[in-house]
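Trainee: What follows is the residue order along each chain.
Number of protein chains: 2
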Amino acid sequence: MSEGRAIWPVAWRQVEIADGFWAPRCETVRTVTLPLEYEINQRNGVLEAYQWDWQERDQGTPPWRIILGDLGKWIEAASYAIALHHDAQMAARIEHAVQSMLRGQKEDGYLYANPLYREQRWANLQEYSELYEAGHDIEAAVAHFQATGQSHFLEAMCRCADLLVARFGRGEGQIRGYDGHPEIELALVRLYRATGERRYLELAAYFVDERGQPPLYFPAELQELQRRNLPTLGWYRGRDYALCQAHKPVREQEEAVGHAVRALYLYSGMADVSAETGDAGLLATCRRLWQSVTHRKMYVTGGVGSTAQGEAFAADFDLPNETAYAETCANVALVFFAHRMLQIEADSEYADVMERALYNGVLSGLALDGRRFFYANPLSAHPRGEVREGHVATQRQEWFRCACCPPNVARLLTSLGGYIYSTSAPTATQRLALYVHLYVGGRVTSDLLGQRVTLCQETRYPWKETVSITLELKSPLQFALALRIPGWCRGAALCVNGESVRLQDCLRRGYAYLERRWQQGDRVVLTLPMPVERVEANPAVWADCGRVALQRGPLVYCLEEVDNGPALADLRLPCGAPLLASYRPELLGGVVALSGAAQRRTAAGWRDQLYRPDSSPFQPADILAVPYCLWANREPGEMQVWVQGS
Amino acid sequence: MSEGRAIWPVAWRQVEIADGFWAPRCETVRTVTLPLEYEINQRNGVLEAYQWDWQERDQGTPPWRIILGDLGKWIEAASYAIALHHDAQMAARIEHAVQSMLRGQKEDGYLYANPLYREQRWANLQEYSELYEAGHDIEAAVAHFQATGQSHFLEAMCRCADLLVARFGRGEGQIRGYDGHPEIELALVRLYRATGERRYLELAAYFVDERGQPPLYFPAELQELQRRNLPTLGWYRGRDYALCQAHKPVREQEEAVGHAVRALYLYSGMADVSAETGDAGLLATCRRLWQSVTHRKMYVTGGVGSTAQGEAFAADFDLPNETAYAETCANVALVFFAHRMLQIEADSEYADVMERALYNGVLSGLALDGRRFFYANPLSAHPRGEVREGHVATQRQEWFRCACCPPNVARLLTSLGGYIYSTSAPTATQRLALYVHLYVGGRVTSDLLGQRVTLCQETRYPWKETVSITLELKSPLQFALALRIPGWCRGAALCVNGESVRLQDCLRRGYAYLERRWQQGDRVVLTLPMPVERVEANPAVWADCGRVALQRGPLVYCLEEVDNGPALADLRLPCGAPLLASYRPELLGGVVALSGAAQRRTAAGWRDQLYRPDSSPFQPADILAVPYCLWANREPGEMQVWVQGS
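Going line by line, the protein sequences match chains A and B.
Note that this note's numbering gives residue 242 to position 242 of the first sequence, counting from 1, and the numbers run on in steps of one.
Note that this note's numbering gives residue 500 to position 500 of the second sequence, counting from 1, and the numbers run on in steps of one.
Keep in mind that a hint or two might mislead.
As the list claims (entries may be wrong) - Cβ pair distances, simulated, as ranges:
| no. | chain 1 | residue 1 | chain 2 | residue 2 | range |
| --- | --- | --- | --- | --- | --- |
| 1 | B | Q291 | A | P620 | 47 to 57 Å |
| 2 | B | A604 | A | P613 | 33 to 43 Å |
| 3 | B | G390 | A | R460 | 51 to 61 Å |
| 4 | A | R517 | B | G605 | 36 to 46 Å |
| 5 | A | D608 | B | G589 | 16 to 26 Å |
| 6 | B | Q291 | A | S615 | 41 to 51 Å |
| 7 | A | E499 | B | R384 | 44 to 54 Å |
| 8 | A | S615 | B | Q395 | 29 to 39 Å |
It should be emphasised that the hints constitute simulated quantities derived from the structure, not laboratory data.
These figures come from a predicted structure and were not determined experimentally.
The beta carbon of each residue, even a glycine, is placed where N, CA and C say it ideally should be.
Given these sequences and hints, build the entire structure.
Mentor: This is the structure:
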């Protein structure tokens, strides 16, 4: 065990989710989204792509380059799903997908979906994403192995990884490059953890550290491509290398820049390497980039990557609401990064962001019925607002040309159990502990110093403020139960077996450590008061000045036209007006909605004119706010998170 | 004289501008901007482009396709300038530019700047803009003839136009197409007016009416290009033909759509054709499109084309402030369209919009020193806001890759005199009249029924509310002096020779008609009260809800960081708080600035965090607003037109 991390996640296989909030969503992913994704992949020829020899085909169009990795993500998600719920048809589809993929694997382990560019191996690392795809396929293989116990896919991907180990690096005859789209880094660490083969970790560390080293690899690569008259996609040519975080060595990077998914996959891989090697310098970089993302470039929904230009991070505090990109994949990747940093530091700051993204900007990407998706997750939308690539911001899409997001949400939700708990082993500096990061009803079974401990969470979180935790153990055991006190919560209260515990005595870095000799049936009740909060943004965020967002518990709320009529922008929320939270079983499958008295500018007296002297009075208006993560599940219309204050 | 128009503009040559507002700006254009533009064109090889035979060159890059027409616009602007102010050097440069251009003219009259595509005449009308360029060159030739009295350039462009007359149309063997970028239509009407040759008007009418007729020309053109393996630029391929207003016949177009400059040049040409032919159906279309633009798609600054996507009109009421495109050229084109409609209808609605665009969204495109330019004219800008094509929104640029705007502003300002006055001849339905559309100090000399009438305007408009008009005539003459009462003004007052006139008795369609037997020395004093107005936008404009703009007279004001400190978005203007207008001679060359008491959210207590429960109180803050047209002439920083109200 290295010194590089404080805690270890309890694996998804050991966690059962049985609550009213997440369990139905996970079930929808399993029964609706995953079959749908498979069928679309089938229809789009994604499964066949691996077997095509483009040379032999004289017509037809191969699947678009960027499908790379999407089948891997689907296999990963489906593998989690079948491990938790037996499903023969899905198991067969997984096997068919794996076989389709592996039929395209070359003798030496090389595997790449796109037949058009397969001949020039690794000649265009900046644009072709061969290693990005390999990373997703490796992640899929690890998940597949863990889910099924079958090793053929994992072995195949080890051969692929071994080929990379042989071909990439600083040695004689090796390619001293790295991929334009990070992903391989975190995948290799995951493969190392699954196999114990240190060479995979070392290659991950190489990819992390070589990135952005002078002289830059990509300009030289482009020159060579042009010399050899090989195709380039033109997309990144001449662009700032910051788009793929290759503008300078990662340890010198101070600010999160460029394509947000790439950035957060890279940072996740960096955190992984640091966790395994105890590399303090790399960890310091991760902390700095974490702060750049979450203290200066993140929406209140946990959405990141605010600009469509390059699907990228914008400048500090540039967080426009209507044109927010906040790609679902980027928000998923923020969960990955947060989860990794949390294991290293055991600080609730990371879990707070993980929760914010999960409950808001990630979940918003998936329709309640599991059949439609958001790629971008704006915080304000209007049916007449700008149409991007044919998509109206107020309507979920059935699929995307670049369909990266749907399987990304799917794999996160089918493995959600893995994000809830961690354990720590006793060392000189820390205690034996079982951590609860997220409040999700269900059970976890974990080994603590060889003893099987089961923890049951009963809660109607995020709707209700009470979490009951019951412990099951064969014999008493001394350990700390570490419960996260969410950053959004003031006035949390704790009881152990009916006795109140003074929170300030046991709080460290956002966790309440209840250390005692725990016994069978011990019961902890955590109360997290959830008043409706008006949230304001830092004055540096110019898009939100004069506005408030409504939040209750971890959920950010929004106004929708279907509940409030059109012209949402004309509503204002008087300071101090009471806002009532009430459970509405008929609404969106049952939600706590917020209602209250607001004001609306009267729209009277306007003839066919655009401007006039300011003369419109305000009238009382009732508002109803619903959780942002559930917007656009009814009639399409306007939506707004940040509402005018007064 | 046709029935198609109510009034005729008094030509720019007959108008002298001698005021404190426009005269210095026009002088800067003449002495700084025009020489600068010439030198940049020279440096960029624009003058040589016409003479290049690309076949013979084996290296080098031709000037970018889109420079087409820019040299024509420069010649046009410079011609106006030298006619009003003798300038031997500029006259020599004009002649050199004309000769450079004409050296590239083919035997049969064909003229086209871009050597790369010259061989395939008119094969790619959608993308190559050959007729767009011809239109600007024709406009230049007419202006050059009127300014210099020399006819060689005009004759050359008549040969060019004659070639088009021969080659385009519905006859046997003619090309039944039209240009992707309208401009030729209005240019041909202008050539018709200068030469009296009706075939030019007829070709203009053909181009107008053929546009968008089924079956569409452009898809067939593309097919033919592909069949012949000729180059396409790829920019418009597969795009909606609405981008160039060729999606349906113009008479069926209900809504202003697509590229805003193309649209407004087209509508201007349509208005011209209608004015000359009395075509009532075409005029009805122009009115409908006018309303679409000005009642539903125009910024308070007169900026139009709100989206950068295709430099186009967005949906009704989609008028975002920070991402506003509102290209300077589009705002100039709105002046063109408004001026044409005004001559047809003699309704102040058109002059109001013309004034709004001129004093705000057009003038904002040109720095006070004449050396830097805005291409886009946002209504809110932040130094950390999104960077577009390398340009920060808060800083004017020295030049653009597509440098269409600088010469467009230049030609409008050097011919500004032509927009101020009109006359009407007596007919069965209307009286002999001299119209004043804009209040600009100076003199005009016009013939009214053969008598020379001079009108002197003395005014410090737009800073001061009084306009004194003195008439000079040899002998008394019965006619109406028609003075525009601006739409922004309430409580205008009129005196003739010291005697008050009841405005309601003489007001028709926004003009006060003072009909009498005018004599030498008669004096009219018009008072246009200019209180500071808070303007609100139609509630349908969601970007402006909860906000007010400040306007005084025709000028829209804005807040700049240099006067108000950073975080402008955190300022709010309490309803009813007094706003004081005062002349500040030291500011921006002397302006009336607005000052008043506002409130600012306190920025205290924020640690390194993005969001917190709403708790910031407001503090009193003084604000200073300056005319929008003069922003970004001092230290770069934030700017905002629409300010939070309360």
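Trainee: Are any of the numbered hints broken by this structure? If so, which, sorted upward?
Mentor: Hints 1, 5 and 6 are the ones this structure does not satisfy, whereas the remaining hints hold.
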